[in-house]
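Just so you know, the sequences run in chain order A and B. In terms of the working numbering, the first sequence is residues 1 to 450. In terms of the working numbering, the second sequence is residues 1 to 450.
Please keep in mind that the hints were generated in silico from the structure rather than gathered at the bench. Please note: incorrect hints may appear among the correct ones.
If chains are identical, the list can't say which one is meant, so a pair holds when it fits in one copy or spans any two.
What the hints assert, rightly or not - Here are the simulated BS3-like cross-link-like pairs (lysine-lysine), alpha carbons at most 27 angstroms apart as the crow flies:
1) K349 <-> K254
2) K20 <-> K349
3) K87 <-> K8
4) K107 <-> K278
5) K188 <-> K8
6) K276 <-> K182
7) K225 <-> K188
8) K305 <-> K26
9) K15 <-> K188
10) K254 <-> K276
11) K416 <-> K276
12) K225 <-> K254
13) K161 <-> K188
14) K26 <-> K83
15) K254 <-> K416
16) K125 <-> K8
17) K351 <-> K254
18) K182 <-> K284
19) K8 <-> K126
20) K225 <-> K276
21) K239 <-> K125
22) K349 <-> K161
23) K26 <-> K284
24) K225 <-> K83
25) K8 <-> K83
What you are looking at is a predicted structure, and each value in this text was computed from that prediction instead of being measured.
There are 2 protein chains.
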Amino acid sequence: MKQQTSEKLLIEIEKALAEKNLDFLKNALAQAHPQDIAECINHASAEDAVILLNQLSGPRYFEVFEYINLETQVQLIGQLNRKQTIKILEELSSDDRVDLLDRLPPKTVETLLPLMAQAEREETKKLLQYGEDTAGSIMTTEYATLPIHDTASEALQHLQKIAPQSETIYYIYIVDQSRVLKGIISLKDLVLAYPYQRIEDIMNRDFISAFVDEDQEVVARRLAKYDLMAIPVIDHDHKLVGIVTVDDAMDVIKEEQTEDVHRLGALEPIETPYLKTKFWDLAKNRILWLLILFFGVSFTGTALKHFSQTIQSAVALVFFVPMIVSSGGNSGSQSVTLITRALAVGDVKAKDLFPVVLREISMGAVLGLCLGVMGFLYAFVLGTNFSVSLAVGLALFGVVLCGSSIGGILPIILKKLNLDPAIMSSPLVASIVDVIGVLIYFNVARVLLS
Amino acid sequence: MKQQTSEKLLIEIEKALAEKNLDFLKNALAQAHPQDIAECINHASAEDAVILLNQLSGPRYFEVFEYINLETQVQLIGQLNRKQTIKILEELSSDDRVDLLDRLPPKTVETLLPLMAQAEREETKKLLQYGEDTAGSIMTTEYATLPIHDTASEALQHLQKIAPQSETIYYIYIVDQSRVLKGIISLKDLVLAYPYQRIEDIMNRDFISAFVDEDQEVVARRLAKYDLMAIPVIDHDHKLVGIVTVDDAMDVIKEEQTEDVHRLGALEPIETPYLKTKFWDLAKNRILWLLILFFGVSFTGTALKHFSQTIQSAVALVFFVPMIVSSGGNSGSQSVTLITRALAVGDVKAKDLFPVVLREISMGAVLGLCLGVMGFLYAFVLGTNFSVSLAVGLALFGVVLCGSSIGGILPIILKKLNLDPAIMSSPLVASIVDVIGVLIYFNVARVLLS
Numbered sequence: 001m002k003q004q005t006s007e008k009l010l011i012e013i014e015k016a017l018a019e020k021n022l023d024f025l026k027n028a029l030a031q032a033h034p035q036d037i038a039e040c041i042n043h044a045s046a047e048d049a050v051i052l053l054n055q056l057s058g059p060r061y062f063e064v065f066e067y068i069n070l071e072t073q074v075q076l077i078g079q080l081n082r083k084q085t086i087k088i089l090e091e092l093s094s095d096d097r098v099d100l101l102d103r104l105p106p107k108t109v110e111t112l113l114p115l116m117a118q119a120e121r122e123e124t125k126k127l128l129q130y131g132e133d134t135a136g137s138i139m140t141t142e143y144a145t146l147p148i149h150d151t152a153s154e155a156l157q158h159l160q161k162i163a164p165q166s167e168t169i170y171y172i173y174i175v176d177q178s179r180v181l182k183g184i185i186s187l188k189d190l191v192l193a194y195p196y197q198r199i200e201d202i203m204n205r206d207f208i209s210a211f212v213d214e215d216q217e218v219v220a221r222r223l224a225k226y227d228l229m230a231i232p233v234i235d236h237d238h239k240l241v242g243i244v245t246v247d248d249a250m251d252v253i254k255e256e257q258t259e260d261v262h263r264l265g266a267l268e269p270i271e272t273p274y275l276k277t278k279f280w281d282l283a284k285n286r287i288l289w290l291l292i293l294f295f296g297v298s299f300t301g302t303a304l305k306h307f308s309q310t311i312q313s314a315v316a317l318v319f320f321v322p323m324i325v326s327s328g329g330n331s332g333s334q335s336v337t338l339i340t341r342a343l344a345v346g347d348v349k350a351k352d353l354f355p356v357v358l359r360e361i362s363m364g365a366v367l368g369l370c371l372g373v374m375g376f377l378y379a380f381v382l383g384t385n386f387s388v389s390l391a392v393g394l395a396l397f398g399v400v401l402c403g404s405s406i407g408g409i410l411p412i413i414l415k416k417l418n419l420d421p422a423i424m425s426s427p428l429v430a431s432i433v434d435v436i437g438v439l440i441y442f443n444v445a446r447v448l449l450s
Numbered sequence: 001m002k003q004q005t006s007e008k009l010l011i012e013i014e015k016a017l018a019e020k021n022l023d024f025l026k027n028a029l030a031q032a033h034p035q036d037i038a039e040c041i042n043h044a045s046a047e048d049a050v051i052l053l054n055q056l057s058g059p060r061y062f063e064v065f066e067y068i069n070l071e072t073q074v075q076l077i078g079q080l081n082r083k084q085t086i087k088i089l090e091e092l093s094s095d096d097r098v099d100l101l102d103r104l105p106p107k108t109v110e111t112l113l114p115l116m117a118q119a120e121r122e123e124t125k126k127l128l129q130y131g132e133d134t135a136g137s138i139m140t141t142e143y144a145t146l147p148i149h150d151t152a153s154e155a156l157q158h159l160q161k162i163a164p165q166s167e168t169i170y171y172i173y174i175v176d177q178s179r180v181l182k183g184i185i186s187l188k189d190l191v192l193a194y195p196y197q198r199i200e201d202i203m204n205r206d207f208i209s210a211f212v213d214e215d216q217e218v219v220a221r222r223l224a225k226y227d228l229m230a231i232p233v234i235d236h237d238h239k240l241v242g243i244v245t246v247d248d249a250m251d252v253i254k255e256e257q258t259e260d261v262h263r264l265g266a267l268e269p270i271e272t273p274y275l276k277t278k279f280w281d282l283a284k285n286r287i288l289w290l291l292i293l294f295f296g297v298s299f300t301g302t303a304l305k306h307f308s309q310t311i312q313s314a315v316a317l318v319f320f321v322p323m324i325v326s327s328g329g330n331s332g333s334q335s336v337t338l339i340t341r342a343l344a345v346g347d348v349k350a351k352d353l354f355p356v357v358l359r360e361i362s363m364g365a366v367l368g369l370c371l372g373v374m375g376f377l378y379a380f381v382l383g384t385n386f387s388v389s390l391a392v393g394l395a396l397f398g399v400v401l402c403g404s405s406i407g408g409i410l411p412i413i414l415k416k417l418n419l420d421p422a423i424m425s426s427p428l429v430a431s432i433v434d435v436i437g438v439l440i441y442f443n444v445a446r447v448l449l450s
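In isolation and in its complexed conformation, chain A is listed as follows (with noise of 0.2 angstroms):
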């Protein structure tokens, strides 16, 4: 059982690196899992990765290179020669092999593509063409088929044949002869069928299927909505092109959750690993999204200047302004996660608005009443005169009820014209509500002070 041990080589892997001991290396590696020495690779240097892939040979040596991430697979061919860069794309699986290319210089695939074997350039080439992040950049070519005529045994023998070309032989599928797709056979049910029978007999004519340029996150969630380990991609003239495999679909749903983090938390989506991203241009990326909300916020000032009578004769309001500001930013980033991600997983869909919006506004009167009490009884017993620590009571109430109304409301409108309700990060939602929070607050003292 590997996977108690695998930490364990992992550190003698480092070791024999650092000693640059390369017979305990390669003794090592030879232990470990593919899944495992990508890993190693992952996070080793640029130096130390040519060494690691180098000990390995043979079937082994993509194998590993299938399960590098992606920017690392790039910096590793920057240093390989062309023959091993060919040998590399030629055995690696249609879909990883994309990826790929989709990230190397465009003057570089250029001078690739020819070397290579003529079956894989030219589905490369037909590959590539796909837009990012539909369900064509993220499929296989590597499925198995198979003729509707045959019967149960038959089939098993040409799967037999044909299995290693192809990613999974868990589900066949059955195509005319123009290549439309007419049924889907999983293994389980060619296996427990009588040998006699034919495959258009117990083949699935009404399966579940996705279309070549439709959104892969859309695609990714369809097949784990239906516990599907693979979805046909058709084109739209209903021709199968290829399929989506699970281990792909996670990678997008974890990729498009890495997504909605990020925006929640005030970032411009990062694709690469965090220790992987360049310093400026992560750099670049937050202080573009410091600044919009800057700015956001420094309405606030021009504000409290039209107060400075109110602040001068009373200073103890001064006092409480971080407190209302802040709460009035965390109720909103509270609605604004919980439907963000009710609606990132379905759980609230578009047209629940209604019940929604009556939800958040009835919870933010709730909470404000709370927090708004507890506001005034904290600055009165503070000694803050009434009529400041009536103010701090009202806007506090003010704020929380903004903060949670804006918050649940926006992103479900967001969604209603089909825009990303992520796009509405927490902090955005929380520099509306500072805006309105200082507004509300020193308008309330002023009617109180005078």
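Model the placement of chain B on the given structure of chain A, informed by the hints.
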């Protein structure tokens, strides 16, 4: 291709329900996928849910029930009679049965258990013992095993008999007389083997497994990492006790991601779908965090009191308080989001403490410099005097540096201490940074203005 019509069907079903047109309803349901019907039931009222379920019969009834979400299942069980409930419990696969029983009142479980068939009862009692969030709590006991001395062709015949009782037959498990797991063979390898080859010669002895008391998220991520469709679960004597399938692992990963997202948004994780969560449960959850954060930031009030002198001598200082406070919070949000997510997906590990800390501090310095210069210029151009403008710039530099450093370092330190890094929510970091920001700002101002 049903997914293209599933939305249409759902609308038809809703219409038929509203019109109480049962014939039309039955017809529409007959064409729909079990998962789509389950989704319909999840979204329907308690009454309609029962009507929908009662239109189904035979295996479809149980198939649909399995896809209904847990909260709705519990609701439904409350409205069905005991005989129906027992039948459902017996038909559900063992993992789903245990999930459901776990949510029912203990008294109900006590009365139901003795009524179940003996085999299911014994199995259920065993499964109910495993702690929540362990591999044992999500595994199923309906797996396929084969005797080690079978030949491939004997094995296939054997498999045809046991397949109907197995949740998956894509992996078959080879155990000895005392049920110790000796090897695994995939259906693919079995089909591709020569008929006379012995199982023991073709099975994989070097398999990935999980212990029954391991954390479910760890096990789900292991399954994803090694691209498995199921992972065997063993006890500490290495006896096979169950398997976790890929669809259940995907559900676990989805749940755990929801937890992380909720924590980042300052909520205690909520397991029930948004619209199914009771209003007051949600309110309690939210008010708890709002109060914690409120009292966290309340220190700024006490701090500001000390600076009454400074504020009175330059009211302009107040105008920039929200900007400074929120910029610190935003840079903290970005860091905590980046690092928490990178830790969750494994891009960053606890041992990467040093490079992460170095990176976030340098990043904080760069971002702080940018925002500091921008803030100084903004204040100065607006006609603020030089000292106050300088205080604004320096405070922004300090607060962004603190935000980035604290937001980046806290999650990875929590991880090093084996705590959940996601408990360090963005708003919590923002609150800490708020207090620090106010202190920096007014201390700098006091020095510059005196």
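query = What hints, given by number in increasing order, does this structure fail?
reply = 3, 5, 6, 8, 9, 16, 18, 19, 22, 23, 24, 25
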